[in-house]
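So the chains spell out like this:
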Amino acid sequence: MSREGVLLICILLSSALPGIIIFGLREESTRLRTGLNLLGASLKLTLVVAMDIGIAQGRVFEVRLLLMPGVEIFLNGDPLSALFATLSSVLWFLTTLYAVGYLEESPNRSHFFGYFSLCVTVTIGIALAGNLITFLLFYEMLTLTTYPLIIHRGTEKALLAGRNYLVYTLAGGGLFLFGVVWLQSIAGALDFSSTGLPVDLLGKYHTELVLIFALLIIGVGVKAAIVPLHGWLPQAMVAPAPVSALLHAVAVVKAGAFGITRIVLDVFGIENVLRLQLLPSLTIAASLTIIYGSVRALQQDDLKRRLAFSTVSQISYIALGVGLADQSLALIGGLVHIVHQGLMKITLFFCAGNLAETLGIHRISQMNGVARRMPLTMAAFTVGALGMIGIPPTVGFVSKWYLGLGGLASGNWWVLAVLVVSTLLNAGYFLPIVTAAWFGKQAGPWPQDRKFGSLETNWMLLLPPLVTAFIIMAVGAVANARFSPLAWVRFIVREYGI
Amino acid sequence: MLTTAPAKYRRKRIDPLVVLVFFLLAGVTAMLGRTICIMPQQMPGLENEVARHLHNSGVASPVTAVLLNFRGYDTLLEVMVLFLAVLGVWSLTRATFVGYMGDVSPVQLAMVRLLAPFMFLVAAYLVWQGSHLAGGAFQGGAVLGGAGVLMLITDLPWLPMVPARPLRCGLALGPVVFLSVALGCLIWSGGFLVYPLQAAAFLLVLIEAACALSIGLTLAALFVGGRPYGELMEEQPYEGGSGQGDE
Amino acid sequence: MMSTNLLYSLTGLVLFALGLYALIVCSHLLRKILASNIMSSGVFLMLVSTAYRAGNGKIDPVPHAMVLTGIVVSVSATALALVLACRVQETSNVTLVREEYQHDTSGA
Amino acid sequence: MVAEMTYIMAGFDMLLVATLLWLAWRLLSTPDIFKAVVLFICFGLVMALAWVRLRAPDVALAEAAIGAGITGPLFLAALRRMERLSKEERRLDFEEDRDADHSPGKV
Amino acid sequence: MLIFDADAWIICPIVFPLAASIFFFLSRRTGPVAAPVAALATGVSIIILLRQLLLFGPRHYYIGGWQAPLGITLRFDGPAVLMLAMTGLTGIGITLYARGYFSFRIAAPKRVGRHERQERFFWPLWMMLWAAMNGLFLSSDIFNLYVTMELVSIAAVALAALSGKPASQIAAIRYLLVSFLGSLSYLLGVVFLYKTYGILDLDMLQDIAGAAPGTRVALALITIGLLLKTALFPMHFWLPPAHANALAPVSAILSGLVVKGSFYLLFRFWFEVFSGAISIGALNMLGILGAGAILWGALQAMRQQRLKLLVAYSTVSQLGYLFIAFPLASLEGNMKVWGAVIFMAMAHACAKSAMFMAAGTIYLHIGHDRINELVGIRAYLPVTALAYAIAGVNLMGLPPSGGFIAKWLLLSASFNSMQWWWGVVVMVGSLLASVYVYRVVCQLFIIPEGYTIKKQYPRSHLLEWPAFTLALISLLLGLFAPYPLHILTIGSSNVATIIPGGPP
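Line by line, the protein sequences are chains Z, P, A, L and V. When you read off a place in the first sequence, starting at 1, and then add 8, the result is the number in the working numbering. So in the working numbering, spot 94 of the second sequence is number 83, and the numbers just go up one at a time. When you read off a place in the third sequence, starting at 1, and then add 28, the result is the number in the working numbering. When you read off a place in the fourth sequence, starting at 1, and then add 4, the result is the number in the working numbering. When you read off a place in the fifth sequence, starting at 1, and then add 341, the result is the number in the working numbering.
Don't read these hints as lab results, they were simulated from the structure. None of these values were measured; they are calculated from a predicted model. Every residue, glycine too, gets a C-beta built ideally from N, C-alpha and C. There could be a bad hint or two in this list.
[Said to hold, decoys possible] Coverage of chain A stretches by chain P, computed from C-beta distances (three or more under 8 Å per stretch; other residues unrestricted):
(1) 32 to 42
(2) 64 to 73
(3) 90 to 102
(4) 108 to 117
[Stated by the list, open to error] Just the calculated beta-carbon pair ranges, DEER-fashion:
(5) 219/Z x 396/V: 44 to 52 Å
(6) 827/V x 153/P: 23 to 31 Å
(7) 463/Z x 644/V: 27 to 35 Å
Okay, chain Z solo, but in the shape it has when bound (with noise of 0.2 Å):
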């Protein structure tokens, strides 16, 4: 094995062995356990780092195991897992840190933190995926470790998300599976490759592909939450803020838009979907998931819920932006959403974690002046909140800026129609919460109020969001710097030769 696959090894390995003795742990010994999962945490960025230096130089990183004869394990890091893996890992990171600060009381946290650490360990196999029963592997695995995660609480209604969340995404899954067969019999164990599946099939098994597209889309839609299949998202929001966080930027949500990704990019080939025709079906699902969503969410008053519609909206970005693939632009908008979401949602749901923590506050009609109590979140909010709109400087609005630019560029008007819509949804179910937090006048006592010391909160729960906060306007403000997520992508989309 060379050096390039004992790294791939590694970044697995350096969570999922926290993640296993964390599991053997006591109850009691809390600073052993952070301690671990930091170091896990860390450890992992830095490998991923590394990882992107040297796919950037040009290395190839490559692990196979045979799982059968004919098939095989194949890991594989190319710029696109490059751009899933390193948003994973650092907001893994974050969500770590926040994850110690949130639970620090609560019951069973060997637990929590062993799930926690698998879960995030598969997220990093679905992004070094090199093929499709990869994929699939991690993929389903993620379900078996996520759910554990949802059903955290144990309450009634918990179990019910869970149980939601388990029969979406086994169906799915097992779709996804048959999908994945039905291809392999037809074509072969094939890598991920921007070429795709070899021309000559698609003459031989048109109805074929087009019906496997379909299973395949459908299978890794269900996370991803397109619309009609997102039904268990908002359910799910009754675990624990941390996990939401997990699922809604880093984990669940993103491993299904970045399945979309993998499927019309690196399983079928732009080509051969054109010549399919599949895409109008794909961006015009993604775009009523927009609209739908957006106008969802504005009817919720509880905040997690609203958040949770909002991102059943925005993740379909990435799908309208993969169903433009014929256009750079906005696969590119598309793609780099892919980051920029996860950092904008974590952010909010960090803010919302905090705001339930310390204040209790659960609704968005109880959060009327709570930005005097607690500035620094509800800045970090605001600048979240600004970026899903699109509010210039942040990285909302680079994505928006490319997928419109796409949408025009393919004379899809329509498209800039969405968006526009989109946007004004996003700034009426968020615009509120800003202006009522911040100019509002406090209507009562708060549900219950926990003293930090000096802090507003633990510092555990305030330094996530306000990091991220940063990187959204950071990022946004040098959206053309070097090593930027969007350069990152440019570089992606070059791969392919749009």
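The hints should help you fit chains P, A, L and V onto chain Z, whose structure is shown.
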């Protein structure tokens, strides 16, 4: 006496399911019968093979040769089946039948006293004869078992006092001897159940005698239908079928 | 004219079928055990009739050995079944396993 | 002479077979279980005769000894035991934990 | 003049447990101590066999030195050794668990005598059953197979009735009658074969068996007999009560191992010995029954209120997958299907015995197994709860479990042979499986507010860890798939010629 099923279980009216089963079975049987009819009768079996190797088997009777030598492994397992049956029966219940079957008339007693030794003799003869004529361990064992049954139903007074350990040893004697001979062969002549030619006759008789004894005991034990009182006396008196509850 | 082999083979087959019928239809446990014994007798009869050679032909001893083994096996199974049947009656007082049992077996 | 022998043998075969089948039928259809067991012992003996006819003396001996000497008494003992139990009705009380059992007849 | 033939190792997996069985019968008190030793010895002998297979390839062993038509041949090749490995792994796990199980029960003050009696009969019965299973997988003689099968079923029945519950005894006698019927049907098939060919050896039959009328009838009879013993839907009626009412280690044995024996024979008969006599219609028939088993078993499992019954019905369902392989094997290369079948059998053996062990442990600790009242088990039996969940993952066929590999192979075989509908059944089956697995796991893993443990028993490692280890093995089996699949190709006559993998 319990003669038959209670009235509600008796088949007064004809159940359509029964009719269906009947016709189905009749059809299948007819088909099988037809196959038997069109199959070639009198196909040569393995008789020539057996005849060819008989002189190497250590016995003169072909059936005994097949049983104990050519297909000795089958017989070994079969002895195990019997052993297993006793195990199973003992694990199920304690002996409830202690032999008492109503009054034993003096005539019956006398007859048993006369018959039992005679049956032992017959059994021994059958085992001995097995090496060249019809007979062998099973037949001898069966006769022994029959003698045992006879003694059991006449309620010989010493029977319940048969100590458990020797009884167990007797039951296991056949399997143990057979298995050790088989393993001994493995060491002696390099193959499982490969009897050394010069000792084959002796070994076979040894196995037969041990098995006959065990089989006789086994059959009698099966007739008793439960483990004897000497077995695990420490149990509580009402265990016979008591309690479910825990598992 | 029907050869002896054939006659006894067919008889064995009919015995097997009779036993099977009774096994399915009858509900009394003892009867079921009797029926299975009849079935095994039928099989053994077929097997031994295969070995039979008319006239002075050499008898095939292998089926005989097989039947001997089979008889012992069936005695063992019968003994276990009888004790179990007694136990079933002792503990549950179900001499006749319930009627749905009939349904069950006929599904086979 | 040979032909006559064959006819006599054939007649004997027929008789034997008929007896076997009749016994089997009777023992399976008679409503009286005790009678059935007695018939079963007879069946075993006739079976032994059939083994002799098929030139299988080893099997005949085994059948006679085991079939009539062991299996029959086994059945009789079991019958007696069941009878006695059914007379005494339920000897032991099993009501406790009754619901802990899975329904016996259920598929 | 000690000549110890290396080939003779082949009888050790049979002789070791056999001798142990007699020994445990004779000296009652040694069972708990010596049983793990005997299990370990058996396991080691199986490992040695495996090594020999890898070094020297498949072998025949002539018992008594008599060659095929006259004597009895043992044969070990890839599939047989894998099945032996299955009994070895599961057997060691079950033996250790049983030790913990019985000592736990004997430690409880209630009805000590009864538990001791059960333990003392358990050891010889279980060892005998193990020996017979090993003999079954190694034997290559159709009549010898009958005897080993009878040994297996008598031991299994005695074990099933061991708990002494009335329900278990009713189930046991039904089990006995059914398996006796199955054996007789099989034996009748053997008679037909002997009538036709005058031969009992499987390898020789394979060479000469054609589509003669006797062959078909024989195959049909043998199949019916074996199906009854394997409990394929709709002949499964005896299985759930028998498996659910037995003692926990016994349930693990019955569900994990015993049903696999007759299935293995069935597969071998169909695809090695009589591959010339089978027809597509018959294969599809078995496939349909298998599909019925998957769906019916899963639906029944979903409806059960008691944990052990649920697990037992899931066995019915999982056995169905094995039969889906039949129609696939006819068109697709046998390699893939053999692989799927063996994988399914091995993974299911480990997972199912782990499940039953976990269920038994739970039963011991809380005194019932009503699914709706299992809340909070994780609080004081974390390892057991996790073992159950992992085994459940296997039944659902999610990666990286062995069940996933099996389902993958089945699916890809169904696509490659243009019979995708079997693939649909497999998928639906796994989804249903996830429902019934979820029902329990969800209960086990909730710890409601203010939950307190009612009664604290001393921790018993032997109760918890064997189940967990077996579950873990079943999970990790998927990651080491190439090794078993490689072993499988050694000496399985139909397999070697087929090129693995790839599109048609």
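Outcome of the hint check:
Look at the region 32 to 42 of chain A against chain P: 6 of its residues bring a Cβ nearer than 8 Å to a Cβ of that chain, three or more, so the hint holds. Check on the region 64 to 73 of chain A: 0 of its residues sit with their Cβ under 8 Å from a Cβ of chain P, so the three-residue criterion for coverage is violated. Figure legend: the region 90 to 102 of chain A, annotated as covered by chain P; annotation consistent (10 residues with Cβ-Cβ distances under 8 Å, at least 3 required). Counting residues of the region 108 to 117 of chain A whose beta carbon lies closer than 8 Å to any beta carbon of chain P gives 6, which meets the minimum of three for the stated coverage.
Range check, residue 219/Z to residue 396/V: Cβ separation about 48 Å, and the 44 to 52 Å hint holds. Here the CB-CB span from residue 827/V to residue 153/P is close to 51 Å, at odds with the stated 23 to 31 Å. Our hint of 27 to 35 Å for residue 463/Z and residue 644/V is violated, since their Cβ atoms are close to 55 Å apart.
The structure does not agree with the numbered hints 2, 6 and 7 stated previously, though it agrees with the rest.
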